[in-house]
Every structure is written in structure tokens, then in C-alpha cells.
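Chains as they are written, first to last, in the numbering used here: chain A, 11 to 432; chain B, 11 to 432; chain C, 11 to 432; chain D, 11 to 432.
FYI, nobody ran anything at the bench for these hints, they're computed from the structure. Any given hint could turn out to be false.
In this list, chains with the same sequence are indistinguishable; a pair is considered to hold if it fits within one copy or across any two.
[As the list claims (entries may be wrong)] Straight-line C-alpha distance at most 30 Å; calculated DSS-like pairs for lysine-lysine: (1) 353 to 52; (2) 357 to 52; (3) 233 to 65.
Single-letter residue listing:
4 protein chains.
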Amino acid sequence: MSNTSAARIPGRNILAVPGPTNVPDAVQRAMVVSMEDHRSTKFPELTHGLLSDLKKIYRTAEGQPFIFPSSGTGAWEAALTNTLSPGDRVLVPRFGQFSHLWADMAQRLGFDVEILDVDWGEGVPVERIGEILKADRQHTIKGILACHNETATGVTSDIGALRRAMDAAGHPALLFVDGVSSIGCIDFRMDEWGVDLAVTGSQKGLMLPAGLGILCVSQKALKTIGHAKSRRCYFDLADMVRTNATGYFPYTPALSLLYGLRAALDLLFQEGLDNVFARHHYLASGVRAAITEGWGLEVCAKAPKWHSDTVSAIVVPEGFNAAQVIDTAYRRYNLALGAGLSKVAGKVFRIGHLGDLNELMLVSAIAGAEMAMLDAGIDVRPGSGVGAAGQYWRTHTPGAQTATHAATQRVAEPVARRAANA
Amino acid sequence: MSNTSAARIPGRNILAVPGPTNVPDAVQRAMVVSMEDHRSTKFPELTHGLLSDLKKIYRTAEGQPFIFPSSGTGAWEAALTNTLSPGDRVLVPRFGQFSHLWADMAQRLGFDVEILDVDWGEGVPVERIGEILKADRQHTIKGILACHNETATGVTSDIGALRRAMDAAGHPALLFVDGVSSIGCIDFRMDEWGVDLAVTGSQKGLMLPAGLGILCVSQKALKTIGHAKSRRCYFDLADMVRTNATGYFPYTPALSLLYGLRAALDLLFQEGLDNVFARHHYLASGVRAAITEGWGLEVCAKAPKWHSDTVSAIVVPEGFNAAQVIDTAYRRYNLALGAGLSKVAGKVFRIGHLGDLNELMLVSAIAGAEMAMLDAGIDVRPGSGVGAAGQYWRTHTPGAQTATHAATQRVAEPVARRAANA
Amino acid sequence: MSNTSAARIPGRNILAVPGPTNVPDAVQRAMVVSMEDHRSTKFPELTHGLLSDLKKIYRTAEGQPFIFPSSGTGAWEAALTNTLSPGDRVLVPRFGQFSHLWADMAQRLGFDVEILDVDWGEGVPVERIGEILKADRQHTIKGILACHNETATGVTSDIGALRRAMDAAGHPALLFVDGVSSIGCIDFRMDEWGVDLAVTGSQKGLMLPAGLGILCVSQKALKTIGHAKSRRCYFDLADMVRTNATGYFPYTPALSLLYGLRAALDLLFQEGLDNVFARHHYLASGVRAAITEGWGLEVCAKAPKWHSDTVSAIVVPEGFNAAQVIDTAYRRYNLALGAGLSKVAGKVFRIGHLGDLNELMLVSAIAGAEMAMLDAGIDVRPGSGVGAAGQYWRTHTPGAQTATHAATQRVAEPVARRAANA
Amino acid sequence: MSNTSAARIPGRNILAVPGPTNVPDAVQRAMVVSMEDHRSTKFPELTHGLLSDLKKIYRTAEGQPFIFPSSGTGAWEAALTNTLSPGDRVLVPRFGQFSHLWADMAQRLGFDVEILDVDWGEGVPVERIGEILKADRQHTIKGILACHNETATGVTSDIGALRRAMDAAGHPALLFVDGVSSIGCIDFRMDEWGVDLAVTGSQKGLMLPAGLGILCVSQKALKTIGHAKSRRCYFDLADMVRTNATGYFPYTPALSLLYGLRAALDLLFQEGLDNVFARHHYLASGVRAAITEGWGLEVCAKAPKWHSDTVSAIVVPEGFNAAQVIDTAYRRYNLALGAGLSKVAGKVFRIGHLGDLNELMLVSAIAGAEMAMLDAGIDVRPGSGVGAAGQYWRTHTPGAQTATHAATQRVAEPVARRAANA
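With these hints in hand, go ahead and build the complete structure from the sequences.
If you want it as C-alpha cells, here you go:
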């Protein structure tokens, strides 16, 4: 088989790109399923459970989740074509490759896209948008497309603040949010933030292979789909609404991934969503300690308020090529780092710290990046990254109330292990 | 997990719907993969191999295959939106639920759809289309949408004849073919038949879970994509053409399914495509023997020339409800039969005989259908279906030259097995 | 890989040998585990759960189960060497290949083995043993080795009656029982029957791959292990008793199989042990209907009281070679039947009907055996086997109270399935 | 299931015990197999391939390998009982828990065991044995039991030198070698060293779950099995010799593990055995750099010549308890370190560096051990371990000729990765 045919590189590839993420064993197992009739009387049990539980992930009571056999890009398209008509005006702050691509999609789908360019390293310009909305007295703007976590630069934006600015302007535009690299990792509050269309994919916080595009839609947005004139069929929500109601899908669903999703949701609930978010913050803080305190380098995000808890883009010093670091990491150390994309190509490399991770898995990425930087001639002290991250983790615990409690428990049990003959 | 939480029904569910099909062990195994960076230097090896090998499945030298994270329905949409502009006139013969759904999609996507209704149980009306094309002197018809194998009725059409009719009319319309339930099972000759857009999905002849929509496009059709004005982004072929060229995809691909596809293609080539087709014909003939000779019933397909080698729709006698047969089969015998859809709901039940199957796997479906018919009060002789199928299979071998040879070999080796103490 | 390298035989191999049995999906999944430290503080949770739940399978409150990384043969040896000393006299009724092999093992391990030969097709000669025991006033007989279900001939013996005969003789010999092909399939009552050492393996009723030898030991037998002078180390129970107490094993356990066992036990309890037994009887009765009513043949077991609910040995008519039937079934129909062993080689073929099975899985075996018999020239009516089995199953339900109830439920739900658009 | 039921600890457990080792994906996949008839005509292909390829692992032309469903402990027993008779005199140098356990087994099996106690941290005392053998003019010593790699202390002995000493003494004793934690990792030359019985298990260098005990036997040793009077049945080699000859086993083999072994052998050959050994040395050297240069600590092995390339036992400073380090590592950092056993309990913790490993997987173990030591109050500089290991690995390549070449290739390819749109 082609995946073992080439020269064997021993050991596990260390996957530190910001998605796809590591698939936990329990999820991997859950996907080993025999096929079944997706129109059986038994099938709706699976569908209903998934759709109901996805609401918890989105922290929504009134929103309705949808699952497409697609990548997250498909869910982007579903969000736009089901609620907008060609020529509709949308506002898109752009500050990275993924906000760029979403804007580009909106243009290609025929909307009137107004791009707000922002320095890469910053996020959604809330005040500026507030002013634009206030100025839009005729409410010609139909939607705002905001990237919650820009995967290319490691920047998280404040969607709650964006909602407040929209409300302050009394503007009825729909709020579209790309949560592909945040949902399931960083707190995401669909109802509280008044998000209308929230997009994610299976291969990030949901810890699955790619193949599911997931979209959650507010009641307000659902009401618009009858009026939206964008042509669509595969991604048509009306078909989904109708068939999902009885537990089915309009066409054959990606069964093995659905069973994987079932297991992934179970894992997230078992850990507790608040604990999941706290863990991501705690792990990200260690990685940032490695970057700044250990290596003396900077992240692409220009201020702590933009720091992403799921991905860090590390700026290599002037005169060095980040692509070389990435290449050495991959070829010599079997480590997959994220590349700098577009405007920051060659200037940054990225470490994804999202999904099913813990301290020592991240240590591999930090050490490998460090070794590759040294190989590239970048002057960092050997061991400094892991040292700084380790010191952070040793002296902190994940912050959520329950998580702290759990962490305490993990340490507090007596050293009773391994009896004499063990 | 939800797939084991309910009351346990022991043993394997017998999957006899016409897709999804049974996933072979080797394919199931191949999907147990760790995630990896889909932008690594190693990744193109996988992509190039798959795209190159798919051409063999389509029997095309000049066509270009594409793989989408979607169901087959997505590939239908990709075929249409990349080559047609809103208002374009297309001709769609309709003779079952799937030809109906494709016509419906074409309408919803804004094309000028001319439906040719044909009795359910017949297939593409080649002569009638020939006449329409001849009459279309201005070549206003841009495409013909033909369902190679109508899954709802078990009818296979003659696409070669359709091409000859188009050529005889000297008509330049594009030939769109739905091969979802034929490709990889029934001989499909993209180049020889001059098919321009050939659609399939992963969950039928390719023996995978659903989740991949596969489309093969002729050079002629590829030339049109620059002019087609249908709005599209997720399914845009231009993005695919550009990124596939270097072995990548425009967005995160469905990795585990791609590795499964690798293994599935290997299996098909290992058996030999001609042998695969011969096996499907041989197995289907046995099922038809059960239906007609064993049970004295009829299939929905109105003449032998329409008989499908991948699915048979069995007409229950007047006064009986096929839905009851299906329901009893599922609940009491753990057998998933295909339901009658739309016009034939309640009138037929379907046995899928496609994918990774052999005689004795089909015996389960035949016997289970027979037992469920008896439970429903239908007068068939117990054992008659299996008896007739078995007699067919005992006295025939799969027809392809090499397959016959292989079958001979399978029997000819001496009875040297199982020594004394075994 | 070698398991796919040879000429591909399409479809699933129908596994109808009396072990190994079909591994359910949930068990297959459960074995896809990363390795872990078997001396961790977490590990005992697994061990304790398994050992505790195995008691339920043995229906014992006081017996203690042990799990060895071995085949069932290893558990045979463990039973003998931990309780007997070289020269100890044991009584072994012999009526098939497996009772023969256990006797042979006992001889090779240095015990004084008194073999009671019984016609193959009959089982434990309870009365004869009762007489021998009564005559053994000095209690020189230390053990009786009884095969509960002789896999070679499809004969089940009455262990309860054997215990009553032992008690009637007031004899203190240990009662050793081979339950390899009965435990988890046929009711086995360790405590009620006063079994002292009950042996099984993972690959039969426990629905796992081979690799675990399982032994349950009564308190009476446990008391003897300090006195037993047979040399042993790997299979020494004292090491197991000591390490199991805290949840560990004396050496590295077969981890993936242990996780599989966890899942297998969960499935058995989910179905309900009584339902499992009732299902085996119901399925076996259908197979016997095929053999006797359908084909007009006989099973090896000489009277209904010996009929095994886990395996049937079918006697082919005079002048035919059962090996040819088996060989054709395997090569031409991809069906693995059990061979006749030793005395019955060539005279019988065997259908295993144990483990994770249902009606339609067995139909494959019955039909395949029938087709292979026809190919061999044996005069059976095509379809007669499946017809007779089907009629039995259609008109009966598994007998246990709860099972009947469940079966009723399976049928009683309204025919509400498959809505319009399905 | 019990393996996910408890409080979820996120991310992968870092497995750094010296066995079981990490199972590569390709091996994990290979074990997902349906059961099959182990007496089929197809089965011998698997058996013959495995037995033949195991000879390459042992570097033997004349030795014969055997595979038992057992742990490595079972293979220890098979080696002894098939070649020795009760009362036979054997010499056992003892310098760790595993040499101790083998000696203990030999005593329990009734041999006359002469233990040569050696300081833990040293290995086989070749000169002393040479003298004993020379003194044994009557050749009363029948066997020498040597532990090639003492897993408890991280000490590798020179088996070639031992052979030379035996030859110098002209002594015919059989040479028994425990290669459980060396074979498949450290060069092992059965023929060149004149090893008579070489034992290993599946869960170390062979990268499988535990469950297979593997033994390779020289022709000289094979000749003794007819004379050896130790009682045995399960582990009897004569049964294996007889059944293996035609590709079968005396009892049901552990099928899923055999398929895993097939895949594991393929991986080892694909990498190249010399490369595998060179990689283990290179990785071990990095770990030792972490211990000595980074942390300023010592390994248990008392001189470089004893350094094991598969496991390092790290001595914690006076006044600290290694058990606390191990416990913190497990509970707080999800890292499984090996415990100090018996004489060195509390004094050492162990890092296994064997099996399917690379630099960055080991980094996790080093960093986790360091963090746990810091938590325990041991004065090591944060990051020093990973820094020293990384510097070693950055400046060295695996030493074997071909490996160096491969490593060069891995680095030399141009930095052509990740095109513009990636």
C-alpha cells in the first residue's frame, strides 16, 4: 500500500500543524464500523444524538446544527448560499489566509464583498466595523464574515465584542463566524454572542479526519433561507431541515465519520467543555513561554489579546527562511509544522496546539522546531524552549474550576504504585 | 457508544441495499491511519497515484478524474455547475428516483431542464433522444443527463448506443452520465462511449464508506469550465485542476477515505476489472434466477436488456406491501433490503448485488427476503430462491476469459488439504 | 502484505468452522488500542473487571477465573499441572479428537490415565463412571476429565448428571471440564454442577481471536495447588493468585486481547446470557432441520440428547468423501467448513454454529455446504437445506423467556419505516 | 468500555517503559482481520513466511524459529523444558530482575541451578564463566542461561565473548539467551555467536502487543529434545516441528497477532535490520547524553561497555525516591516510565528506548522525566535533558552505512516544499 511503500521513516510522525489534529484512539476505533442502511429504522438514533449534542459544542439552545459530507470549506459555502442572494453586500475583515479565502469565496459566489484589510497579526477591527454599521443607515450590509481564529497567523478575535458593536449600531446584518480552528478548543458562545452562522470542520477541535463540514444556524438565519436566491442544491439547508427532522439525510451520509463524531463528542463531554478550553489555554501558554521566554522570538499575533490558544505562528529572525525550518523538521525530525501562508510565507512557521493534546506531545513539537532552527543557523539555546514550556506547565494548572480540581486529584493520590515484584 | 448502546441484535447485519456496500477488510484496515499534514512533500505520492489509477476505473486515457469530500450528489453538482450556465438547456430522461433527483437538481441550479419521462422499468430512450437531437439544429441543447444504472428500478441503459445516437445526429451536447451504481461493477467505457462527465461515489463499486464524490471529466468538457457561468466555489474544478497538478487539494481532503480508496483500487486491480465485471454479472444472474425461476416473481426492469447487474428490484404480487417484507427482513432477520422509492414504493423491494460480494453472501439476502415474504403471506416455496440461485452458480462460472480460468484453478487443485491430525 | 498478496477471492470468507468464530465489530474495534504500561496504577481496573465478570460467564460465585496468554490447550495444561502430581490416576472418557487430545496431554504430563473409550457420537458415560467411582473405595482416582462439548463430533454431555454420579459414589475426585466450545454458548453451571476446573479459550463463545486460555478453579481445587507436585512455572496458578489480587499479572499480559475480552463480555451481558444460550439452541435447531429434514442426512451425534448446540458433524452418505465437500466449499464458494478429524476423517464435515451468529449468517453455510455436496455428486435437493432451516426459524423463536419477549418486540413494531423521500 | 470509562486524561499516553512498545500504525492495521480457518489450504502461506522471515531477525541460517501463543516467559520455559531433564545442572549469571526470574524459573522446573551473582549494573561475567567451564571437566553443566539485555538495569552483555569463552573451554553446554529486550533492536547473531536457544517476545523490538513467545533453536539443541525428560505438552517443540513442517500449528494460533507479526517483520526489513540497530544506538546515545551531560546523573550500567541501546536505568540522587518521579510522571504528565525493580526499587527509573521510535518521541519521555524530577525536588536544569539529547542527535546520524546514506538523503532534498497556495 502506498502509505507504507516508500522508504520507511521510523516512529510516529509528530503532527503539529493546526489541523488535521491527532485522532484519539477511541475515535479511531469508533470509525471501524461495518456499513449499514442509512435509511433503516435504527439510523435516526445516531443522527438525532449527534445533532442534539453538537448544540452543546456550539453552546446554543436555539441554533440548529447541520452536518455535511464536505470539508469546512463546504460549510463556509452552505452558510453563504443559504442566506444571501447574489449582489448582497457583505463585510469581511481580512487579516490572514483563511479570512482571505472566505472573502474570495464570497466574491466568487457573486456577493458584493467589502474587504476590510487589517494588518496580519491583528484580528477583527470591532470599532471600525461598528462605525461602518452605524453609517449603513439603509442596512445594505447583509452579513459580516468574521474569522474567530485566524489559523494562518494565530490570532483570535473577540466575537462577543463584535456582537456588541453590531447591537450598538442597531444593525440587522447576519453574523457569520468561521470557527473552524476554534470550536471545540476555545470557548465559543453562539447564543450569547448572537452568532447566526457558525462554521467548523471535523478535523480540528473535533479530533476527526477531515470529511465533515459542520454548520450551526440561528433561528434568525433559518428564516432567511426561503428568501436567499443563491442557487444551491448539495448544500441546501431546506433539504437538510426536512430530512434531519426524522433522523435522516438528503443523501448518503459519511457513515464512518459520523460514528467517529459520536465518539469525539463523548470524549469532549467526558472531559468537560470548560476543561477542554482551560486545557487549550494552559497548553498554549506553555508553547508561548517556549517561544518568547525560551527562544526570545515573537509570535505573529501583535498583542496578547490576539493570542490564539489553538495555533502559534512563530516569526523567525530576519535573514532566515521559515520554510527551511519547516523542511528540516519534516525531513530530519519527522515533525510536521505549519507553513507560513501567503503574506507571511517564509517569515513564520506554525505550531498547532489544538485537539487531543497534552504537555509532552507538545514538547516534541517544541524540541523539533528548536532543533530545526538550530540546524538552520538560528541562534536559540538548546533546550530553552522545552525548559521554558516545562516550567510554565509545572507551575500552573489548567484554569477552569473543575479542571483545577481534576489536576489536583491527578497529583494528590498517594505514591502507592508498583508493588514489590512489579 | 450509540452503535452498541441499544438492545443487541446478535450477528452481522446482512447489508443488501444497493449502497453503501460491504467494506472489505483490507479497505477497513487501510482507513485506520494517523492524520498527517496534507501539505507535506510526501503527500502528492498518494494524490497522484489515486488520480492516475481512477482513470483505469473509468477506462479513460484522456479524461481527468477529481475527488471531492462529498457524497455522489456533490459530484452531480460539480459536473453541472462547472460546464453549464444558468438557462442552459439540458435533456434528462427520467425513469426512476435517481434520474428524477438529478433532473430536480438541474432545475434548482437554474438550467432549462427538458425531462423525457419513460416508464419506470425501462432505461434511456436512445432513439427518442436521437430524434430530438436531430431536430435541434441550433444546438440549443447543451447537455444530456443519463443515468447509466437507475438504482431505484434496477435498470441499466446502453450509454454506447446513446453516444452513437448523438454522433448520428452530429450533436455537440455534453454527455453527463451518472455511474454511481455502475462504475467499478459494470463495464464503463468513458473514452469509447465519449462520456464527458462521469459521476460516481465512494460507497458502491469502490467499496468504501460514503464521503467521496468522484467525477471524471473529458478534455472537451474541461475546455468549457472557463465559460460556464454557474456560480460555484467548493465544487470549482479550476481550483482542483490547479492544486491537483502538484499533488494537493484546494482544501483539507478526507484523508482516511483517500487511504481507503487506495486500498480499494488495489483490490479491484488485483482481481482484474474484467473479472470484477464478470463476477457482478454472474452473481446478478444467480439472483435473477432466484427471483424468476425460484420464486416465480418479476423484476421491475421490463426486459432482459435493461437488467442491472448491480441491483434487482423485485415486484411483490398484487395485494402485498413490499414495505412489510422489508420491515420484517430488517427487524426479524437483521437483513437490510432496499426499499421501493417514490412511484414504486410498496411495490418493490430491492436487493443490491454490488461491491465486495460472493455467492454465499448473496444467499443470505435471498433467503432472508424469502423468509420475510413468507412471513408476509406471499406464496413462495421455502428454499426455492436459494435453490435456483445455487443451481445457476453451480453450473456457471464468471464469464471473463481470465475469470473462467481463475475459477477453474480454484476447483482443480487436488484435495490435499487437512492432514491427519488437523 | 501476505494476507492480500495472493489471488484475490472476492467477498467475505464464510467462517463456519467451530472456532475461531466471527469477531463482532465492537470487539474488533476494542482491540485497536495503543499499548500501555501493564504495571500502571490504572491497569488493575481492567483486570479486576474482567476477572469479576468472567465469574458470571461461568455462573460461579466461589470459583476463581484466570486468564493466560495461551490457547485453550494451555488452560488444559494449567488445570492439570496445578492440581495433580505425576502418577496421579485420572479417568478420561474419550469419544472424539478433543477428548483424545486431552487424554494424550495427561499421559504426556505423567499422570496415570485411564481412558474410557466410548463410541464417537456419544458422550460422557455417566453410569459407567459412577460404577467405576463406586468401585474405587480407596479414592485412587484423583480427577475426571470430561469434555462438555466434543467439537469433533458435535456431542454435548450432561455434566450435571456426571456430578450427581460422583456425589452418589461419594467420590472426592476433582471434576475437570473442557468447556472450550460450550462456555458462553451452552448453559454452563460451574457451581451448580460442582465443576472444579473449567477450561475455555477466547476464540469460541467469547468471540475473540485465539490467544487467551481461560480457566476457572473451584475453592476445593485451589486448595490442592500447594500440594500438586507437577512442575510448572508459566502456568503456575500461585503466581496468578498473588498478582491478580492487586490487579496485575505475573508477566506481560496480551493487552489487545484483554480489551477485546472486555468488549466481548459487555456484548454477552447486553444480550443476556440466557438469551445467548437460547439463541444458540434456536440456531442449532435450524441447522439440524436442514441436515435431517432438508437433506435427509444424519449428524454424528447418535441421539438427540447428545446434540450439540454449537457444532454439528454431518455424516456424508456411503461412497462419498467429506473432504471433497469441504475442499469444494472452500475453493469454489469461499466457505470454511470444519473437517472430520481422526476416526471420522472423510466421513463427516462440520458446521460450527457458535458465537456471534444469526439465522442469515448460517444460511450461507448451509447453502454452501449443499452446493458443495451437489458438486460432489451427493443427491440432495437444491434449496432443501435452507428451506428447512428457514421454516424452522420462521416458526420458532429463541426459547428463553426474555428472548421470546425480545423477539416479539423485534417483530411487533409498526411498519413505520422509510418515509416518503427515503 | 473500561478503557474510556474513567476520567479522561487528554492526549496520548507517552509510553516509555521498556516494553510493551509503541505499535506502529501499519501493525495496528494489520491486526484488524476477520478470523479464518487455521487449517485451510491457504493458511500455510502465512506460517511459512513468518517462520522463514524470523530467521533473518535472528541472523540464523540453521536455527529454527517457533511461535507460541504465550508471553516471552513461555518461550523461556519452552527453551528449558525441551532441552533439559530434571536435575540437569545449569549456570545462571544474575544481575537484574529478569536474569533473576529466569533462574527462579529454572529452579522451579527442577534443574540444578548454579547462580552467579554479579553486581546489578554489570553483565555476564565472561571470564568467570570461562573458568567454571574449564573446571567442569565432566561437562556436568548442561546449559548457560545468559540475559543478553537485562531490562531491569539497562545492561547489555557480550554474547559473542561468552561463546568464545565456552569454545576456549571446549565445553558442550547449551547456550540459552534471553533476547527479549534486544532482538530486533540490538544486533543479535545467533549463528555467529553459537546461540542454541534464543528467546524473545512480541511486545519489544517486534512492536506488537504481548501474546507471542518466540524461540529460535539451533540444530544442536533440536537434537536434544528427544532426550530431554522434562514433562511438557503445551510448549513441546516436537509437536511444533511436526505441524509447522506443513504450515500449521498444534493448536489454534493467535491469528491477529500473527498478521501483526507479518506487518512488523515487513517494517523491519523495509528499514533494514542494520539501520534498525544503528537507529537504536543513535537514539540511545541521545538519551544517555540527556542523562549524563544534561542532568548530570548516572545510569545504572557501570561502564560504557554495558550500556544498553534499548533501555536506560537512571539513578536518582541520594535522598530521593525514584518511585515518586515515576508516579508524578504518570499522574501529572501522562508519561509511563519504567520502575526500579527489586534491588533497585526506588533507586532508579527507566526509560525504554526501543521499538518504533524516533528522536521527538523520546524527547517527550526525557522532558517528562525532567519535569517529574523537578517536581520531586531533584536539582536539574529545566530543558537540560532535551537540550543535550537534541545536540547529540543534531550532530550525529545513525551509524550504519546505509542508514547514514538514508539520513543524508533525508536532509539533502531541496527545500521545494509547500507551494504558494499551500
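Which holds for residue 357 with residue 52 at a C-alpha limit of 30 Å: within a copy, between copies, both or neither? Result: close only across copies, 23 Å inter versus 52 Å intra.
### Query
For residue 233 vs residue 65, is the C-alpha pair at or below 30 Å within one copy, between two copies, both, or neither?
For residue 233 and residue 65, the Cα distance is within 30 Å only inside one copy (18 Å; across copies 44 Å).
- Up to 30 Å between alpha-carbons, please classify residue 353 paired with residue 52: within, between, both or neither. between (50 Å within a copy, 24 Å between copies)
The structure agrees with every numbered hint stated previously.
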